[in-house]
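Asks: From just these sequences and the hints, can you work out the full model?
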Amino acid sequence: MKRLVDHAILALTALTVIAACAVIVLPLLYTILTSFDARRFIGAMPPPALSLQWYISFFNSQIFMDALRASLVVCFVAGVLATILGTLAALGLARLTGGSALAAGGLFSSPQLIPHVVLGFALLLVFARIGIDNAYARLVLAHTVITMPFVVRTVLASLYGIRPALSEAAMSLGATSGQVLKEITLPLAKTGIAVGFIFAVAFSLDDVSVAVFLTDPDVTTLPVALASSMKASFDPTIAAAAVVMVGIAAAIVATLEWLVGLDHLIGQGLYGAGSKGRFKRVTR
Amino acid sequence: MNESRWQIWPPLLVYMLLVVLPLVLVVDESFKEYAAGTAGGSRAGGGYTFQNYRSFLDPAYLGYVKDTFFLSLIACALAIFCAYPIAYWLAHTNWARARKLVLIALMLALYVSVLVKVYGIALALGSVGWRPLIASVLGLGQGNRTITALVVVIGLLNFLIPIAILMLVAPFQNIDPSLLMASQSLGATRVATHISVVLPLAAVGMVQTFVLIYCLAISAFVIPWILGRGQIIFLSNLIYARFSEISNFPSGSALSVLLLAASLATVFLLTKAAGRVFDPRLRAAP
Chain Y
0 MKRLVDHAIL ALTALTVIAA CAVIVLPLLY TILTSFDARR FIGAMPPPAL
50 SLQWYISFFN SQIFMDALRA SLVVCFVAGV LATILGTLAA LGLARLTGGS
100 ALAAGGLFSS PQLIPHVVLG FALLLVFARI GIDNAYARLV LAHTVITMPF
150 VVRTVLASLY GIRPALSEAA MSLGATSGQV LKEITLPLAK TGIAVGFIFA
200 VAFSLDDVSV AVFLTDPDVT TLPVALASSM KASFDPTIAA AAVVMVGIAA
250 AIVATLEWLV GLDHLIGQGL YGAGSKGRFK RVTR
Chain W
0 MNESRWQIWP PLLVYMLLVV LPLVLVVDES FKEYAAGTAG GSRAGGGYTF
50 QNYRSFLDPA YLGYVKDTFF LSLIACALAI FCAYPIAYWL AHTNWARARK
100 LVLIALMLAL YVSVLVKVYG IALALGSVGW RPLIASVLGL GQGNRTITAL
150 VVVIGLLNFL IPIAILMLVA PFQNIDPSLL MASQSLGATR VATHISVVLP
200 LAAVGMVQTF VLIYCLAISA FVIPWILGRG QIIFLSNLIY ARFSEISNFP
250 SGSALSVLLL AASLATVFLL TKAAGRVFDP RLRAAP
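Taken in sequence, the protein lines are chains Y and W. Number 197 in numbering that gives the first Met the number 0 belongs to position 198 of the first sequence; there are no gaps in the numbering. Number 154 in numbering that gives the first Met the number 0 belongs to position 155 of the second sequence; there are no gaps in the numbering.
The reader is advised that the hints may include incorrect statements.
Here's a subset of chain Y near chain W, in silico, CB distances under 7 Å, partners left out [what the hints assert, rightly or not]:
#1 T30
#2 G91
#3 L122
#4 V144
#5 P186
#6 L187
#7 D205
#8 V207
#9 L225
#10 V243
#11 M244
#12 A248
#13 V252
I should point out that these hints are in silico values taken from the structure, not numbers from a laboratory. Ideal placement from N, C-alpha and C gives every residue a C-beta, glycine not left out.
Replies: This is the structure in structure tokens:
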């Protein structure tokens, strides 16, 4: 009887897992297949023949190419700004203790708690009030703020991993605090900084809900342009553009894996599961 | 090391200007009167008013509120249910290569643009996809609102499940495996072990995961915007409509305050509840 319950639950679990995989994988498959569809219309799956026509249409579209260029400019500039500011914030936070550390830490992670639509709307009000009417400036400032929490978190994690003895030794040998920062802290934290930058760029590239308030008729980001055209029709050109963005996502994941290893990013836990025969890591 | 405290000031200043100030402005704007034809509210009609908040009691508004919070609740409960076994497996498997592959797939799912997912779901569950089949199974018309709600929930699931899995791995990993062995060697079945050992120990992590994905769900924008077909409208979509369609900033601000308050309340209440009910130290006490 007990065995029977075990088996029934196992079967239910298997069903759940299959359903979850279907919900995650099938939409991707549909988008990819549609982007290679040789038909001129959206028909039933699978497509009878394949072609690259929608990719050609995407790369020939003036609107989408302008949007792609704007997205790349915004994500790069905002990523750099967020990395600089986020690293400074993490350096400052690492030195704070008690209530002020909690308050500042809370403030710096707040953009992840505030619904992004609310933040986008609020920024729109501020930019209208202080008169920033350049869409690039608006988008860069907004994306700097919403991507900074990622940088703060990754840099802070790597700062906590640096043994205090190293900087103490340098100080006792006569180094100034500026030298310690340049020669010891920043080199040791550089993986955290790089990972933070990648997270920031990835997030900026994917944002719709903040950017949708800040674009103007001349300057719009690719995700906003795609979402707006999806509102009107499901032109397979959008699918092709979306698949190009999957390629960008894959490149980002590959870079993260190369930089730190995904296992490390997720953590091994206190008991080092999944790392048979490997050095047991006790992080945090 | 007191001399190097300057580093926190530039980012702090930026945050004051671009996070705190905007939110203050939103709250201020939400009490203004709406004057048609002007961007931003005006106080010409007699200063501050509660009108923007009072209109939430309108049945139409209550419908949007219900859609937002209720559909999110369903999606989050289902997401935790689906994520649970996968996260448990990731935390306990010794099959390093499979674990790595699944992690890569999950990271990809996390980083693939929401547009890719929404486009795929709209097609897969659209009129050339499975929508007619679902409609006939449920005995409803193809344009039925319930089916649209179902599609929005599936869209939210697609977005939330990978996040839930990745967040649940850590609490499962931190359970001492010897506890499980002890329980089983004393004669408990796998199911009994799971319910009496794993579940209580992972409960705090599960509540934290739930809080996070619930906040993400109620503030989702693109998923209900595209998949909702105008039949299902979340508060986030309504805020955007206040900006793009009628330029009623005071009403958009009041909606923003409502959504923000809901998110903060969720975080506050659930973390508090989690600390009270599921604190493992309390349970371990004799």
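Asks: If a hint holds in the structure, say so; if it does not, say that too.
Replies: Results of checking the hints against the structure:
1. Nearest Cβ of chain W to the Cβ of T30 of chain Y: about 4 Å, under the 7 Å cut. The hint holds.
2. Annotation: interface hint on G91 of chain Y holds; nearest CB of chain W at approximately 3 Å, less than 7 Å.
3. Interface hint at L122 of chain Y: satisfied, since its Cβ lies 5 Å from the closest Cβ of chain W, which is below the 7 Å cut-off.
4. Using the Cβ-Cβ criterion of 7 Å, the hint placing V144 of chain Y at the interface with chain W is satisfied: the shortest such distance is roughly 5 Å.
5. Given hint, P186 of chain Y at the interface with chain W, is violated; its Cβ is 17 Å from that chain's nearest Cβ, farther than 7 Å.
6. Taking 7 Å as the C-beta cut-off, the interface hint given for L187 of chain Y is violated, the closest approach to chain W being about 16 Å.
7. Among the interface hints, the one on D205 of chain Y holds; its C-beta lies about 5 Å from the nearest C-beta in chain W, closer than the 7 Å criterion.
8. For the restraint placing V207 of chain Y at the interface with chain W, the shortest Cβ-Cβ distance is roughly 5 Å, inside the 7 Å limit, so the hint holds.
9. Nearest Cβ of chain W to the Cβ of L225 of chain Y: about 5 Å, under the 7 Å cut. The hint holds.
10. The interface hint given for V243 of chain Y is broken, as the beta carbon of that residue sits about 10 Å from the closest beta carbon of chain W, more than 7 Å.
11. At about 4 Å, the closest approach between the beta carbon of M244 of chain Y and any beta carbon in chain W falls short of 7 Å, and the interface hint on this residue holds.
12. Because the smallest distance between the Cβ of A248 of chain Y and any Cβ of chain W comes to about 4 Å, under 7 Å, the interface hint for this residue holds.
13. Below 7 Å, beta-carbon pairs count as interface contacts, and V252 of chain Y has one with chain W at about 5 Å; its hint therefore holds.
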